[in-house]
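Protein chains in written order, with the numbering used here: chain F, -10 to 534; chain Y, -10 to 534.
Think of the hints as simulated: they come from the structure by calculation, not from any bench.
There may be inaccurate statements among the hints.
No copy is singled out in the list; a pair is fine if it fits within one copy or between any two copies.
With a straight-line Cα cutoff of 20 angstroms, these simulated DMTMM-like cross-link-like pairs (lysine to aspartate or glutamate) come out [unchecked claim]:
#, residue 1, residue 2
1, K397, E(-2)
2, K27, D339
3, K110, E379
4, K3, D173
5, K456, E482
6, K27, D422
7, K3, D172
8, K110, E(-2)
9, K27, E336
10, K3, E403
11, K432, E491
12, K397, D2
There are 2 protein chains.
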Amino acid sequence: MALTVNPYEHGLDKRPANFVPLSPIGFLERSAMVYPDKTAVVHGDRRYTYAELYARCRRLAGALAGRGVGSGDTVSLMAPNVPEMLEAHFGVPMSGAVLNALNYRLDADTIRFILGHAGTKVLITDREFSPVVARALDGMESPPLVIDIDDPMCESAGERLGEKDYEPFIGEGSSEFEYRLPDDEWQAISLGYTSGTTGDPKGVVCHHRGAYLNAIGQMLAFGIGARSRYLWTLPMFHCNGWTYTWGVTAAGGTHVCLRAADPALIFPLIEEHGVTHMCGAPIVLNLLVHAPESVKRRFGHVVEVATGGAAPPSAVIEAMSEMGFNVTHLYGLTETYGPATVCAWQEAWDALDMQERAARMARQGVHYHTMHAMMVADAQTMAETPRDGETLGELMLRGNTVMRGYLKNPRATEEAFRGGWFHTGDLAVRHPDGYVEVKDRVKDIIISGGENVSSLEVEECLFRHPKIMEAAVVACPDEHWGETVCAFVTPREGAGDLTEEEVMAWCRERIARYKTPRTVVFGPLPKTSTGKVQKFTLRERAKVL
Amino acid sequence: MALTVNPYEHGLDKRPANFVPLSPIGFLERSAMVYPDKTAVVHGDRRYTYAELYARCRRLAGALAGRGVGSGDTVSLMAPNVPEMLEAHFGVPMSGAVLNALNYRLDADTIRFILGHAGTKVLITDREFSPVVARALDGMESPPLVIDIDDPMCESAGERLGEKDYEPFIGEGSSEFEYRLPDDEWQAISLGYTSGTTGDPKGVVCHHRGAYLNAIGQMLAFGIGARSRYLWTLPMFHCNGWTYTWGVTAAGGTHVCLRAADPALIFPLIEEHGVTHMCGAPIVLNLLVHAPESVKRRFGHVVEVATGGAAPPSAVIEAMSEMGFNVTHLYGLTETYGPATVCAWQEAWDALDMQERAARMARQGVHYHTMHAMMVADAQTMAETPRDGETLGELMLRGNTVMRGYLKNPRATEEAFRGGWFHTGDLAVRHPDGYVEVKDRVKDIIISGGENVSSLEVEECLFRHPKIMEAAVVACPDEHWGETVCAFVTPREGAGDLTEEEVMAWCRERIARYKTPRTVVFGPLPKTSTGKVQKFTLRERAKVL
Chain F
-10 MALTVNPYEH GLDKRPANFV PLSPIGFLER SAMVYPDKTA VVHGDRRYTY AELYARCRRL
50 AGALAGRGVG SGDTVSLMAP NVPEMLEAHF GVPMSGAVLN ALNYRLDADT IRFILGHAGT
110 KVLITDREFS PVVARALDGM ESPPLVIDID DPMCESAGER LGEKDYEPFI GEGSSEFEYR
170 LPDDEWQAIS LGYTSGTTGD PKGVVCHHRG AYLNAIGQML AFGIGARSRY LWTLPMFHCN
230 GWTYTWGVTA AGGTHVCLRA ADPALIFPLI EEHGVTHMCG APIVLNLLVH APESVKRRFG
290 HVVEVATGGA APPSAVIEAM SEMGFNVTHL YGLTETYGPA TVCAWQEAWD ALDMQERAAR
350 MARQGVHYHT MHAMMVADAQ TMAETPRDGE TLGELMLRGN TVMRGYLKNP RATEEAFRGG
410 WFHTGDLAVR HPDGYVEVKD RVKDIIISGG ENVSSLEVEE CLFRHPKIME AAVVACPDEH
470 WGETVCAFVT PREGAGDLTE EEVMAWCRER IARYKTPRTV VFGPLPKTST GKVQKFTLRE
530 RAKVL
Chain Y
-10 MALTVNPYEH GLDKRPANFV PLSPIGFLER SAMVYPDKTA VVHGDRRYTY AELYARCRRL
50 AGALAGRGVG SGDTVSLMAP NVPEMLEAHF GVPMSGAVLN ALNYRLDADT IRFILGHAGT
110 KVLITDREFS PVVARALDGM ESPPLVIDID DPMCESAGER LGEKDYEPFI GEGSSEFEYR
170 LPDDEWQAIS LGYTSGTTGD PKGVVCHHRG AYLNAIGQML AFGIGARSRY LWTLPMFHCN
230 GWTYTWGVTA AGGTHVCLRA ADPALIFPLI EEHGVTHMCG APIVLNLLVH APESVKRRFG
290 HVVEVATGGA APPSAVIEAM SEMGFNVTHL YGLTETYGPA TVCAWQEAWD ALDMQERAAR
350 MARQGVHYHT MHAMMVADAQ TMAETPRDGE TLGELMLRGN TVMRGYLKNP RATEEAFRGG
410 WFHTGDLAVR HPDGYVEVKD RVKDIIISGG ENVSSLEVEE CLFRHPKIME AAVVACPDEH
470 WGETVCAFVT PREGAGDLTE EEVMAWCRER IARYKTPRTV VFGPLPKTST GKVQKFTLRE
530 RAKVL
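All chains should be built: construct the whole structure from the sequences, respecting the hints.
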């Protein structure tokens, strides 16, 4: 028998000319070449062109390298959406190190835990957070080098904590610093801690390949291009700003920075800078919708808004549309570099009325071009559920934009990846058209009389009530039914009185009886540091009602 | 000294959940899920939805696998832009084999050479090309399995040559065929032969990773989205249709097939199907501009046209704009999966007049997001040339969308990759704004009295003459000057007489004296099978003038 040889596998190996590790770092180099004089960053009175942004990032990388920071090291940032935070997304990986953007709403103990767990070598911190950072650093065995960001836009009186300010620090590096791409695109680029509701935060490790691909995925899903003006209503510490830090830079768009998602700032910034795109959790949309009329403005153009984290209530989508915003619904987690699915628009929906459109858009949709696959399946058997829009299963994802795993936490890593898929922890149905709809977190589902009740469905119903600003629904233990539905409701200010009976009657008319809340509690909702409702707190409260 | 361990390199290895080989195959699976009922392909009266296209591609893959075709095997296609050609772009790699799309303008000897060199196992061929294919197959020692495409739109009387027609052949495979992604994204996906002007054609080997990335690069560079209607004016055999075969499919757009780039077909198809995007060599634009008025139509929307291969003369860009087309200038080679640079639009150009805009747009521009880098350099020393818009050097590219190399041709492969860059063979300048402008093929430059004369610059000048349809310029040996400029000109039909002196006077007013043609020859231009002017033929003619 003749030896068969595959001719495609001879003399056609990888070389520098045809194989380059995928990394989002290269996007900045390209934009600095294509759009050197274009405004890359706006922050208050500050403006940086792409040439300047590139030079500043190289300075940061050079300064870090000069301090001995490199491969395998962690650089943490405690900052709002300021230019320094954006620069860190390039400068830190240019030095070979890993970027750890901290959730600035966390308490000192958690920050201290993270800095220790991440092995932070350098901490770059904004004065606004000096009080909590000072407490976090206090008593650390081997504290990091601390560098202060002294932003003129910072209104707090927080003192400087570090050895140097950011500007003189990056002055230690050269604008011509010769950074290298990672040797391997699988190398870590960022470390983001999930704000777990129980236990210590887990450190999600992302790599260059995934960051490159997800940044491109965002460009495609959200239509980011060279003429985009992106307003930073989403915290950059959230999954690296859902990778728009890299994606908007890749497009050569303009980053409009923003320290706080305040509607009184957002509306004028949109107007002043012709903002075309922005992102945020549904709470940000809610803030815009419920902003005082004196603050609101009408624009001459449509503003694209991407939201995710939870399904935006259709009432919010409708209200946003009426205000001139076009809402796109994305879904993802820190473990998937931010958004990984999009409720891709179908042309047939053009003809639907607003409420029907909003119902379609509230679904999490389909996986990104740059994600590989999704399925809804039984978490134990890994059997896919029928695409009937009814059968609940766990939403699972697979692809290059799924994290490497949790840092120094092999047990959690194995658990998240069991069966060859990433387990999102979200319960979803798959509709006959293939779109997924998340019904609840695995742990938030309510089982009443043996029937699954989606807390999201009940919340969606509550959100449509004109007198309700916010609502959250949890299970209340019940001897007879096992669990019943308990609603926590924040009435809208100035909308008049709202009674428990009124809320129940509203629900009874719109959803199944067993889904209707048996208890309604009025008041503000407890939130996590990332703005998510603390359902575990509500569950504790519901137990003693 | 303590052992330092990089915590990011422990327990965070690749797994099925977070590492998937990059391949454009997955784009079809995604579009079939997201847009199952949307029209994916239009060809005459035929329509295929995305669900149908996906099923047909899987049938083709299954049929090939059933015949023992798989990894390391080559499947060749000899077909115009028909649905079967598009299907082969997915079905062939789904079987594990490599797709070899043949240039249907080649002669029988060259086809025979390619089939032998590629080791073709299966040849799928359209009846239109039966005469040449029959001659090519005649006398082959081990001819491939031949499958006929019997397209009702085929107007030629070509007979069937093969064992089976395409439809019954794919009927051998299952629409549920379980294809696998490549084990390694570096695996070959396609083999394209360059139509060299001397010597045997070289087989360019492209891989799944590059095809995936370049398809995304095209979507970003040319703005392809789900609402795109792409008209196939560019042959799919040209670098796999510049990877728009995969890119338009990824977007979930609609492919409008077309057997021949005939303006009498193009204008009505644009109107009927609301075509948004199309591509072609400048000759296609020329055909549209010079089409009879009876054929031309005005559309209610702008049609995006990407062109490349040579710089589009600014007169053509202007004329296209006036007809409602928006021209984007791309540049690339078979070795770079088609376009790899784009003349990215700068907002400042909005304010320029049409002629200034056209001059900017005639440049090849900047590398794609998905290419890594470009430079203009001395081919021997590899030293980069100054960015002065004047100094000639060879354009070189580096990135993941550069071929693996030439099949079974290590010498040509080494030559193309010397110094760690891919050598395009094009002479270019780099402008102060970083944009490249190709001045000539390395071998087409004219050196007159020690001065470089760009044949493209002279051709650009000639193209602007209202009585000139086409022009090509080559060197004529000259005892005194070394070389002088010789122009071959095709006058525009019905535009009236044109004299040699008139042409020379036109040039003298517009370009330097030493660049002005010393000789002008009138007549049709000889073309290669891909529509490029055969300059080597013209050079031979110029020698004996």
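Comparing the hints with the structure gives:
| no. | hint | result |
| --- | --- | --- |
| 1 | K397 x E(-2) | between (38 angstroms within a copy, 10 angstroms between copies) |
| 2 | K27 x D339 | between (36 angstroms within a copy, 14 angstroms between copies) |
| 3 | K110 x E379 | neither (49 angstroms within a copy, 48 angstroms between copies) |
| 4 | K3 x D173 | both (13 angstroms within a copy, 12 angstroms between copies) |
| 5 | K456 x E482 | within (8 angstroms within a copy, 75 angstroms between copies) |
| 6 | K27 x D422 | between (43 angstroms within a copy, 12 angstroms between copies) |
| 7 | K3 x D172 | both (13 angstroms within a copy, 16 angstroms between copies) |
| 8 | K110 x E(-2) | between (44 angstroms within a copy, 17 angstroms between copies) |
| 9 | K27 x E336 | between (35 angstroms within a copy, 9 angstroms between copies) |
| 10 | K3 x E403 | between (32 angstroms within a copy, 12 angstroms between copies) |
| 11 | K432 x E491 | neither (29 angstroms within a copy, 84 angstroms between copies) |
| 12 | K397 x D2 | between (35 angstroms within a copy, 13 angstroms between copies) |
The structure shown violates the earlier hints numbered 3 and 11.
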